[in-house]
Amino acid sequence: MNAAAHPQTVQPGSALSVEVRPRHNLGRRITLLMLLPSTLWFLLLLLMPLVIILVFSFGERSAVGGYAGGFTLANYLNLGSRAAAFGNTLVLAPLGTLVCLVAAYPLAYFLAVKVSKNRSLLLTLVIVPFWTSFLIRTYAWIFILSGKGIPALLASLGLEDVRLINTPWAVLIGIVYGYLPLMVFPIYVSLEKLDKRLLEASADLGASAFESFRRITLPLSAPGIITGVMLVFILLMGEFLIPAILGGGKVFFVGNALVDLFLQSRNWPFGSALAMTLVAMMLLIIGLYLKLVARYGGRPADGGL
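In terms of my numbering, the sequence shown opens at residue 19 and continues consecutively.
In case anyone wonders, no lab produced these hints; they're calculated from the structure.
Some clues are possibly wrong.
[Stated by the list, open to error] Distance windows between CB atoms, simulated:
1) Val109 to Met248: 16 to 22 Å
2) Lys214 to Ile48: 39 to 45 Å
3) Leu302 to Leu65: 16 to 22 Å
[What the hints assert, rightly or not] With a Cα cut of at most 25 Å, we get these calculated DSS-like pairs of lysine-lysine:
4) Lys211 to Lys132
5) Lys166 to Lys214
6) Lys135 to Lys268
7) Lys166 to Lys268
8) Lys309 to Lys214
Glycine is no exception: its CB is placed at the ideal position from the N, C-alpha and C atoms.
Let's have the full structure, built from the sequences with the hints guiding it.
Here it is, written out as structure tokens:
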């Protein structure tokens, strides 16, 4: 009875201590061994390319193109020559993300909350565009936005000379079409996991449907919103295919400038400076976004239901 009331402690050097320590070390070694592939992947395929690009950004272009070594800040001082590309990217990427969010939330809410039958079928319809090449889907919009598509329909309604192709509006439409599913699914997952009993309790306490949505549904779906926004925004900051096809060379993103500098002009140092600036801008914007979400998104609503 005294032994149960006063359990014995394991003394250093005892047999039990010697037995536990090897098992603990073995588990730690197994954990480190399992982390090794992902660590090597991160170092070799993410960190090392960034370091190489950073080094290239301070170099000079050789006479035949490429990288010639040296150290100069001229590449960063010359970033103003690509101001239009930065401007288009910084306007259309956040705007496209916002439009995707506004369009995706009602759809995700409808699929997760309002639909009980045929939900799998409707989700499949959302996925179907990804079964087709992104390039082919983007090219299809050339016909839709050109003279024989939407402009022709508008002309029949009396709206003449409406030009959509090769404009920022065409790029925005292509962005929403291409990236909308990536916004829908994270929000859908958050809404689908929502405990419906919370909404029932809210209604029993006299809250309106709008109040229940504002105080329960919207805050609990915030993780899906944050994930969708970050996923779409990060991809849009590096987008080049949609502006190249639907912008027709008149709406350039930074991604288009990088393709030109690395593959055509072969000005690798200036392209590297452009890439590092884009990465820095993305990290800054995402950091500010997460800080604002942490400050205001997690704040509980004042008052009760």
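Against the structure, the hints:
Between Val109 and Met248 the beta carbons are some 19 Å apart, a value that agrees with the proposed interval 16 to 22 Å. The hinted window of 39 to 45 Å between Lys214 and Ile48 holds, with their beta carbons roughly 41 Å apart. Between Leu302 and Leu65 the beta carbon distance is about 19 Å. The supplied range of 16 to 22 Å therefore holds. Between Lys211 and Lys132, the direct Cα distance comes to roughly 14 Å. Compliance with the 25 Å bound is thereby established for this hinted pair.
Simply put, Lys166 and Lys214 have alpha-carbon atoms about 48 Å apart, too far for the 25 Å limit, and the pair is violated. Distance hint between Lys135 and Lys268 is unfulfilled; the C-alpha atoms sit about 46 Å from each other, more than 25 Å. Restraint check: the Cα-Cα separation between Lys166 and Lys268 comes to about 21 Å, which is no more than 25 Å; the hinted pair holds. Taking the CA atoms of Lys309 and Lys214, the gap is about 30 Å. The hint is violated against a cut of 25 Å.
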